[in-house]
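Engineer: Listed in order, the protein sequences are those of chains R and Z. The numbering of the first sequence is my numbering, which starts it at 419 and goes up by one. The numbering of the second sequence is my numbering, which starts it at 127 and goes up by one.
Be aware that one or more of the hints could be misleading.
[As the list claims (entries may be wrong)] Within a straight-line C-alpha distance of at most 20 Å, the following computed PhoX-like cross-link-like pairs (lysine-lysine) qualify:
hint	chain 1	residue 1	chain 2	residue 2
1	Z	K138	R	K500
2	R	K575	Z	K138
3	R	K601	Z	K256
4	Z	K224	R	K590
5	R	K602	Z	K256
6	Z	K227	R	K590
7	Z	K397	Z	K367
8	Z	K344	R	K575
Hints in this document: simulated from the structure, not taken from any laboratory.
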Amino acid sequence: MFSKLNFKTLSMFFAFSIFTFYVGLIISLFYFWNGSLFVETLSSERTLFSIKISLIAATIATLLSLFFAIPSAYALSRFDFKGKHVIDTILEFPLIVSPAALGAMLLIFFNNPLGAWFQKHVVQFIFTFYGIILAQFMTTLGIATRLIKATLDEIPKRYEDVASSLGASPIKVFLTITLPLSKKGIIASAILTWAKALGEFGATITVAGSMAMRTETLPIAIFTRLASADIEGTVVLILILITIGFTIPYVVRLLTGRKSL
Amino acid sequence: MIDIKGVRVRAKDFLLKDVTLAVQSGSCHVVIGPTGCGKTTLLEAILGLRKLQEGEIYVDGKNITHLPPHKRGFSYVPQDLALFPHLTVWENITYGIKQSKIKNKTELYKLASELAEALGITHLLKKDIKNLSGGEKQRVALARALASGRKNLLLDEPFSALHEGIKKDLWLLLKKLQETYKLTIIMVSHDLVETFFLSDYISVMIEGTIRQTDKKEKVYRFPSDLEVVKYFGIKNIFSGKVIAMNDNNYLVYSEELKAKISIPSSSVSFKFSIGDTVSFGIRKEDVIILRPDLPRKNDNLLSGVITEVYPKGASVLVMFAPSGSDLSIEIEVPEYAASKLNLKTQSQAIVSLKSERIFVLKEPRFEVKEAKIKR
Chain R
419 MFSKLNFKTL
429 SMFFAFSIFT
439 FYVGLIISLF
449 YFWNGSLFVE
459 TLSSERTLFS
469 IKISLIAATI
479 ATLLSLFFAI
489 PSAYALSRFD
499 FKGKHVIDTI
509 LEFPLIVSPA
519 ALGAMLLIFF
529 NNPLGAWFQK
539 HVVQFIFTFY
549 GIILAQFMTT
559 LGIATRLIKA
569 TLDEIPKRYE
579 DVASSLGASP
589 IKVFLTITLP
599 LSKKGIIASA
609 ILTWAKALGE
619 FGATITVAGS
629 MAMRTETLPI
639 AIFTRLASAD
649 IEGTVVLILI
659 LITIGFTIPY
669 VVRLLTGRKS
679 L
Chain Z
127 MIDIKGVRVR
137 AKDFLLKDVT
147 LAVQSGSCHV
157 VIGPTGCGKT
167 TLLEAILGLR
177 KLQEGEIYVD
187 GKNITHLPPH
197 KRGFSYVPQD
207 LALFPHLTVW
217 ENITYGIKQS
227 KIKNKTELYK
237 LASELAEALG
247 ITHLLKKDIK
257 NLSGGEKQRV
267 ALARALASGR
277 KNLLLDEPFS
287 ALHEGIKKDL
297 WLLLKKLQET
307 YKLTIIMVSH
317 DLVETFFLSD
327 YISVMIEGTI
337 RQTDKKEKVY
347 RFPSDLEVVK
357 YFGIKNIFSG
367 KVIAMNDNNY
377 LVYSEELKAK
387 ISIPSSSVSF
397 KFSIGDTVSF
407 GIRKEDVIIL
417 RPDLPRKNDN
427 LLSGVITEVY
437 PKGASVLVMF
447 APSGSDLSIE
457 IEVPEYAASK
467 LNLKTQSQAI
477 VSLKSERIFV
487 LKEPRFEVKE
497 AKIKR
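Next up, chain Z with everything else stripped away, as it sits in the complex (with noise of 0.2 Å):
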C-alpha cells in the first residue's frame, strides 16, 4: 500500500497543496486533471525527484520520505519514456536487473525473458532503441519498469503519443500485466476514457488540490463539486428549491428548466431541507429522449424543442430545449437510436431525466450558472 499524507510540493511558481492518497496494492489509482494541474509534479514527489515543503509518503508502512530515489523501490515510466538511446532493447530491459544488490538474478532475468515474452519484443532485443515503433517503445518501457522486479510502478500519461488502435492494445496488455504481477499503479492521465478503463480508484487534481477521490464507479457517477464537472465536460447542470421530500426522493423545482425534478436520496451524500437550494446535474449519455409512439413510464419528463443535431459517427449529440426555459440540454444519444427517433432540429420531443442518473454537487449557485450553456 501507498499512502501519501498531505505532501506539499513547491514547483517554481506552482504549488502542489495538502495532497492524501491512500493506494491499495494491487489496484491502479488513476490521478487525472488537465494539463499543468501538478499531476506529473505528484509522480515526481513519490518518486523522490523533488523536495516535500510538508507531509510524508509511506510504502506499506514504512517511512520513505527522506530516502533517494534509487532506494524507493517504485519503476517509473515517463511520458516520454526515456529509453537509453545507447543500449539495445534486451540491456534497456535488463538495466534494473544490473542495478539490483540481489545475489542470485537468475529469477530476474527469467522474468524479463518472460515480460519480453507477453508484451511480443522478443524479436527486437537485440534492436537499437532508435529502430523502434512508438507502439514497441512503449512495451520496452513497460518491460524495463517490471523487470527489476517491482511491485509499484509510476506512470506519467504513458500512451498519450499513441493513436488510438495501438492504446488499446497496451491498456489491455497493461490491465493483463497488473493482474499477473499484482502491480500497484499510480498512473497520471488526462485521457478519460483511459483513465475509466485502466482505474481501480481515480483522483480528480485541478490546480495542485485533490478535489475528489474515490472509486472510479463512484467518481464517474457522482463528481463532487463544479471544477470536477468542468474538468468532465459536463454542461447538464442545474439549480433548484427543494420543495417536498420523503425516506426516498427529494423534490426539487428548477426555475430554469420550469420542471419539477425528482432525485433519489441515495444520490445525494449531504441532507437537505424543505427550501434548500441544490445543484444537480446529468450527464449527457443519462438524458433519454422518448419515442413518441411508446407509453411515458419514465420520471423527470421535459418537453421541448430539438433545436440542433450534431452526427458524431457512433453516436449523435443533440441540443434539447425544454418549453418556457432558456437553457439548452446537451444529449448524446447512439447513431442507430438518432436513426430510427428521426431526430431533426426544430421537432417537437420529450426527454427524461433519469433520476437515479443524477448527481448533486455542493457548490454555490453563482459558479454554477458560469456552467450552463444559454441558448
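Here chain R stands alone, though its shape is the one from the complex (with noise of 0.2 Å):
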C-alpha cells in the first residue's frame, strides 16, 4: 500500500495529521460540556473582567512590539553594522528561555536596586495590568521582530534604491514604498504576535500574579480553574479563549483584505 503513495500524498497526510491532532483535542473538550455553566461562566463578571483585560493588554503588548519590532526588523534586514548578528541571535531569546524563566527574570530584574527605581519612579510593574502588558511585550518582542524581517527580507532593495533615486528620503522611502509592500507581512505578523500575546501564560502569572479582578487574564483564569478541579469551568474558559483567538484574527483579515496568512 505505501508503495503507492506518492509524495503528494503522504505530504498531505501529514498536513492533515496536524488538523486532526489540534481539532482532536477540542472535540475532546465537549466530553465535560455544560450548556447552563456555559453561559453562567462567560456571563460573570469575572469572567467577563479575564476577557476584557486579555483583549486589552495582547493589544497593548502587541502594538508596543510593532513599535518596536518593526524599526528594528528594518536595521537588521536592510544594513549592515557592527553586533547586528548578536541583536539577530537574541531573538531567539524568549524562545530560548521558558516564559515562566523570562518572568523570573523580570522579577529579579525589579528587585534590583535599577528595578527598585523604575518601580517606585516610574511605574508599578509586579502584580499589576502593566506587568501583564511587560510579560506580553518581553515574550513577544523577539518573535515579532523576526517575523517582520523575514517580510522586509521578501521585498528587493532594488524598489527603495529606484525610489531614493528620485529623490525620496529614507524616512519617505519607507513610509511610501517598504511599508505599503510590506503591508500584508507586517498584519500577519501583527496577528500572531497578538495571539501569541492572548495565549501567554508563564511570564504573566509570574510577574503579574493570579489575582482575580485585577491580574488575572483568561489563560490564567483556565490554570486557576484547573488547579481547583473545576474541569466543567476550564473547559469553558478554554472554549471562550480558543473563539476569541479564531474570530478577532480572521476579522482583522477580513477587514485588512488578507485572505491567508
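Could you fit the two chains together into a complex? Lean on the hints.
Structural biologist: Structure, rendered in C-alpha cells:
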C-alpha cells in the first residue's frame, strides 16, 4: 500500500495529521460540556473581566512590540552594522528561555536597585495590569521582530534604491515603498504576535500574579479553574479563549483584505 | 557633465579599481563588459548606493561624492526595472514628481503626460503594473525615470529581458528622448549591437577596470588590447615583425600568415621601429573574398583554401586557411555575396585583409597566441 503513496499524498497526510491533532483536542473538550455552565461562566463578572484585560493587554503588548519590531527589523534586514548578528541571535531569547524563566528574570530585575527605582519612580509592574503588558511584550518582541524581518527580506531593496534615485528621502522611501509593500506581512505578523500575547501564561503569572478581578487573564483563569479541579469551568474558559483567538484574527484578515496568513 | 575620477569600490570579493570617466552632457556613454565585470557596481557607486574607497564624482562641477542617493540628481532604471507593484502606472510615473521640492509642479505633471504620450502608454495609465507586458513595463520605467525632470539617467541593462523586435523599437525611442530632452545617459550593457547603436562613447570594462574609453567609432575600429579584442569576439589576431616603413605605412612580415602585411601608420597610435614585433588584427567582416574573375587591385592578398562554410542567415561565416600557414582566418560574408561567390569547402580562394581596417594591439606576443585558432 505504501508503495502507491506518492509524495503529494504523503505530505497531505502529514498536513491532515496536524489538523487531527488539534481538532481532536478541541472536540474532546465537549466530553465535559455543560451548556448552562457555559452561559453562567461567560456572563460572570470575573470571566468578563478576564476577557477584557486579556484583549486589552494583548492588543497593547502587540502594538508596543510592533513599535519596536518594525524599525528594528528594517535595520536588521537592510543594513550591515557591528553587533547585527548578536542582535539577530538574541531575538530567539524568549523562545530559548521558558516564559516562566523570562518572568522570573523580570521579577529579579525589579528587585535589583535599578529595577526597584524604576518601580518606585516610573511605573509599578509587579502584580499589576502593567506587569501583564510587560510580560506579554517581552515574550512577543523577539518573535514579532523575526517575523517582520522575514517579510522585509522578501521585498527587493531595488525598489527602495529606485525610489531614492527619484528624490525620496530614506523616511519617505520607508513610508511610501517599504511599508505599503510589507503591509500584508506586517498584518500577518501582528496577528501571530497578538495570538501569542493572548495565550501567554508563564511570564504573565510570574510577573503579574493571578489576582481575580485584577491580573487574571484568560490563560491564568483557566489555570486557576484547573488547579481547583473545576474541569467543566476550565472547558468553558478554554472554549472562550479558542473562540476569541480564532475570531479576532479572522475579522482582522477580512477587514484588511488578507485571505490567508 | 559627469566626471568620475579614480573611483575605487569594494563589493564583497570584488574590486572596482581606478575608474575614471568623463561623460559629456547630452551624450550616451555605454559601459560594456562581460557579466560580473563590475558594471552594475559602478552604476550603484555613481548613484550613491555603494561607498567609495577612493575617488570622487562630480556633476556639472559639483562634488556629489558624499551626497545621499536622493540628493544626487540621477534617475535610475535597474535591470529588473523595479516598478512599484503597489502603484498604478500613473502613480509610478509621477512618484518622482511627488518627491520633488519644487512648489509649482504643473510643468512636471505636463512633462509626465508628454512622456506618456511619447512612449505610447497613455492607455495604460490607470492599469496595475502586474497587468503590463515586458515592453510596456520598460516604457513605464523610462517615463518614471524622466518625469521627475532629471537630465542624468543611469540605465542598467534595461533592455536585456526583451526580445529583439521590441528592443529595437525602444532603442529608437530612447535615442529620440535623449535628443528631445538633452539627456546625459550612462548605461551599462553586455550587448554589442545595442551598445554600438545607442552610444556616443564606449568604455570597455573588464574585471573591475576600464580597459578602453573612446568614441564608439574608435572603439569599434581600434580595440586597444587583447582583453578588449577577446570580449568583442575578434579571432583574427596575428603577429609579425616590422620589415620596412615609410611616412604612410608599416610593412610587417607575419610568419604565421606567411605573408607581408601593409598597415597604414594612421591606424597605429604608437611608434614602431624596424625589427619590432607587432600584434595586429582584423574583424571578420573586414576580410574580403575576391571574385576570381575580377582584376586584383586590393592590398594584403592571401591565397589559400576555404576549410569551412557556416550559413548564419543574413551572413555566412567562412574559415579560410592561408597557404603554408597553420592558422585559420574568420571571414563573414553577406549571404547574397556568398551565394554569388559560390563558396564551397576545400575550394581555392584569394582574400584581402583591407589595410585601412587593420588595427594594432599593444599586447605581448605570448598573450596574442592564446587568441589564435589552430586548424
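Engineer: Can you give the numbers of the hints that this structure goes against, from lowest to highest?
Structural biologist: Going through the list in order, the structure violates hint 8 alone and respects the others.
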